[in-house]
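Enquirer: Throw the hints in and build the complete structure from the sequences for me.
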Amino acid sequence: MVHTLKDGWATPAALSIPKEGYFEKEEGRYGPVFPQTPANYGFSVIAKVKPGKEQAIRDYGKTIEEAVKASPDVLAPLKLHYLRWVLFDVGSGLHFMYQGIFDTDFDKYIEDAVALFNATGITTVFVNLEGWPEDWRTNVNAVISFFREHHCPSFLEYGEYPYVSADEVKKALKLKEAFTEMLDQMQ
Amino acid sequence: MLELEDIQHYLLTRPNASIAQYNFMTFRTAAGGRKWINALTDIVGTARAVMAANESDMRWISLAFTFEGLRRLGLDEASLATFPEPFRQGMAARASILGDTGIHHPDHWEDNITSKDLHAVVILFAKDKEERKRCVTRHDAYLKDNPDVQILSSLLLEAVPPYDYVHEHFGYRDRLTTPVIEGMGIEPTPGSPKASKPGEFFLGYPDETGLIPDQPRPEILSRNGSFLAYRKMREHVGAFREFLRANGKTEEEQELVAAKLMGRWRKTGAPLVLSPERDDRALGFDDRRNNNFDYEKMDPHGYACPIGAHIRRMNVRDTRVSRIMDRRLIIRRGGTYGPYLPDDAPDDGANRGIAVFAGCADLSRQFEFLISVWANDPEFEALNENDPFAGSVNGAFEMTIPKRPIKKKVKGLNAFTTVTGGAYFFLPGIRALKYLATLK
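Taken in sequence, the protein lines are chains A and B.
With our numbering as the guide, the letters of the first sequence map in order to residues 1 to 187.
With our numbering as the guide, the letters of the second sequence map in order to residues 1001 to 1440.
These are calculated hints, taken from the structure and not from any lab test.
Among the hints, a few may not be true.
Distance condition first, Cα-Cα at most 25 Å in a straight line; then the derived BS3-like pairs of lysine-lysine [said to hold, decoys possible]:
{"#": "1", "chain 1": "B", "residue 1": "Lys-1297", "chain 2": "B", "residue 2": "Lys-1407"}
{"#": "2", "chain 1": "B", "residue 1": "Lys-1297", "chain 2": "A", "residue 2": "Lys-171"}
{"#": "3", "chain 1": "B", "residue 1": "Lys-1035", "chain 2": "A", "residue 2": "Lys-174"}
{"#": "4", "chain 1": "A", "residue 1": "Lys-170", "chain 2": "B", "residue 2": "Lys-1035"}
{"#": "5", "chain 1": "B", "residue 1": "Lys-1434", "chain 2": "A", "residue 2": "Lys-174"}
{"#": "6", "chain 1": "B", "residue 1": "Lys-1129", "chain 2": "A", "residue 2": "Lys-174"}
{"#": "7", "chain 1": "B", "residue 1": "Lys-1434", "chain 2": "B", "residue 2": "Lys-1035"}
{"#": "8", "chain 1": "B", "residue 1": "Lys-1407", "chain 2": "A", "residue 2": "Lys-171"}
{"#": "9", "chain 1": "B", "residue 1": "Lys-1297", "chain 2": "A", "residue 2": "Lys-69"}
{"#": "10", "chain 1": "B", "residue 1": "Lys-1297", "chain 2": "A", "residue 2": "Lys-174"}
{"#": "11", "chain 1": "B", "residue 1": "Lys-1035", "chain 2": "A", "residue 2": "Lys-176"}
{"#": "12", "chain 1": "B", "residue 1": "Lys-1409", "chain 2": "A", "residue 2": "Lys-171"}
{"#": "13", "chain 1": "B", "residue 1": "Lys-1035", "chain 2": "A", "residue 2": "Lys-171"}
{"#": "14", "chain 1": "A", "residue 1": "Lys-170", "chain 2": "B", "residue 2": "Lys-1297"}
{"#": "15", "chain 1": "A", "residue 1": "Lys-170", "chain 2": "B", "residue 2": "Lys-1408"}
Computed, partial: chain A to chain B, Cβ under 10 Å [claimed, not checked]:
{"#": "16", "residue": "Glu-27"}
{"#": "17", "residue": "Gly-28"}
{"#": "18", "residue": "Asp-103"}
{"#": "19", "residue": "Thr-104"}
{"#": "20", "residue": "Asn-118"}
{"#": "21", "residue": "Glu-130"}
{"#": "22", "residue": "Glu-134"}
{"#": "23", "residue": "Arg-137"}
{"#": "24", "residue": "Val-140"}
{"#": "25", "residue": "Asp-167"}
For each residue, glycine too, the CB sits at the ideal point set by N, CA and C.
Expert: Quick look at the structure:
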């Protein structure tokens, strides 16, 4: 189902989600598909950090920053809005949370994601997490299982401008730019 | 380097055949199945032998097995469990993933193809009709002596006229792009992807990651093997021609609409990106030019080749859409079945279409991705439509054609194609065939 502007981008919407993370079980290539919500698709991968690896993970923030600076469209195939990387400890040891919001079901382009993670060095962050498969280089299925097993589905998602894709946002801003340019030329 | 003397020729060469037959087989006993493999292995064409072929070669044979087939032959459960999940489940069980719903659902598939008793396929390519008949008669005679092996169903494939170019029933020229494998001494044509690592198509070799992925066990069985996704699609030629007439007043307009659906001109294969206004025969038949284009720079908005055109969905050529395009390739083999429908004839209701095998090393990453995402995902490039040919359209067909000042929609009452069969097979190497024939 593609949600379009006519579905009411101007009306904020919230959606509560069952514990399993989906309403009806719909099989994808690697397991049940998580549905689109007013906040589009997304994942929240949470895993425990191996002892003494906090700084290694923090340092990779810079690596990713440089990778995107060098090649701004490096993550384009993932159809992302935002990524958030968080380290936290609520008394049960240091945990890492990798939260992404994007416009396509994660399963669809999961091999692209793993390839991109390898290419940009993101994968090397994951080796600092407990449960990361040791054979990740040759066993994509194990990597995919790791993501699925460590994903904590939301029970509520909200969108101020629901179902709008990053492409639509960019098109709207481009139009605004074009109109501004047009008005400038009319002076 | 590929072990050409052990790899079946099927994905590496295209023999000079004019006719083909697929026999879908069932083994009533393990012993019968092993005996059958043993009887046929010596005439299975290896890549080495078929590449060295000469004019006297008359027929080419390939053998492949379903998961149930490997189990029936006596492969132990521990080994069976090492095969990838899509293969273990079979294509029919993956219907909802692939988009095979409604009229495309496996409940409606033909040729007994969803039977649990489907264990193997023997693919025969023959130079001419007489040779096909000779081979089929001989195989039938052999089966009389080995009643534990039976034919579940057969499909005859023949080219349709006009014979001066390879095409399917809608009239689209075919075989314009095929992956090239590193080390085979063939240079990709300009604009084509670079030569693929052998591991993208054959098990036991490094793939595009530079590493050898984990393989099914035992190694003697998996090495030099490939997975095949079989797909039979009925083509509704009358509905297709009606659609062209409804969306184009003149013959020229109809040809343009046909080209917009495919991304290439029907009779020559000339790409729309390079020749958007009219067909160009010289361009279509020039292999140095007919793949030498991209979309990102040359046609970003799809004014020449629509974003939803078949070739633009199935081979995106655009790193913005996929970073790992060289990991989504398949080698396609097959042809047309059913009678030719002359241009001026009304639809006679006959069953006609294509029946193809897509070869790859990873059914999920390669074949299933192509069908479920690039062909069938309505969210693909926010089009809210399916691939006009490879997609599973239920109900009315609609496609967006970018055009200035505003885009145009072409509409049809029904899908042009219906999925009418499918199965996953494992195509083993020669040593693996011998291993299967001697299982205890």
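Enquirer: If a hint holds in the structure, say so; if it does not, say that too.
Expert: Consistency of the hints with the structure:
1. B:Lys-1297 <-> B:Lys-1407: holds (20 Å)
2. B:Lys-1297 <-> A:Lys-171: Holds, because 18 Å separates the two Cα atoms, which is no more than 25 Å.
3. B:Lys-1035 <-> A:Lys-174: violated (68 Å)
4. A:Lys-170 <-> B:Lys-1035: Violated, at roughly 64 Å.
5. B:Lys-1434 <-> A:Lys-174: Roughly 63 Å separates the two Cα atoms, so the pair is violated.
6. B:Lys-1129 <-> A:Lys-174: Between B:Lys-1129 and A:Lys-174 the Cα gap is close to 61 Å, so the pair fails against 25 Å, i.e. violated.
7. B:Lys-1434 <-> B:Lys-1035: holds (10 Å)
8. B:Lys-1407 <-> A:Lys-171: holds (16 Å)
9. B:Lys-1297 <-> A:Lys-69: Since the Cα atoms of B:Lys-1297 and A:Lys-69 sit roughly 22 Å apart, the hinted pair holds (cutoff 25 Å).
10. B:Lys-1297 <-> A:Lys-174: Holds, at roughly 18 Å.
11. B:Lys-1035 <-> A:Lys-176: Status violated; Cα separation ~73 Å.
12. B:Lys-1409 <-> A:Lys-171: holds (21 Å)
13. B:Lys-1035 <-> A:Lys-171: Between B:Lys-1035 and A:Lys-171 the Cα gap is close to 64 Å, so the pair fails against 25 Å, i.e. violated.
14. A:Lys-170 <-> B:Lys-1297: Holds - the C-alpha atoms of B:Lys-1297 and A:Lys-170 are around 19 Å apart, at most 25 Å.
15. A:Lys-170 <-> B:Lys-1408: OK: A:Lys-170 and B:Lys-1408 at ~23 Å, within 25 Å.
16. Glu-27: At about 5 Å, which falls below the 10 Å cut-off, the nearest Cβ of chain B leaves the hint on A:Glu-27 intact, so it holds.
17. Gly-28: Cβ of A:Gly-28 sits 6 Å from chain B, so the hint holds.
18. Asp-103: holds (8 Å)
19. Thr-104: holds (6 Å)
20. Asn-118: holds (8 Å)
21. Glu-130: violated (22 Å)
22. Glu-134: violated (12 Å)
23. Arg-137: Status holds, d = 6 Å.
24. Val-140: holds (7 Å)
25. Asp-167: holds (6 Å)
Of the hints listed earlier, those the structure fails to meet are numbers 3, 4, 5, 6, 11, 13, 21, 22, in rising order.
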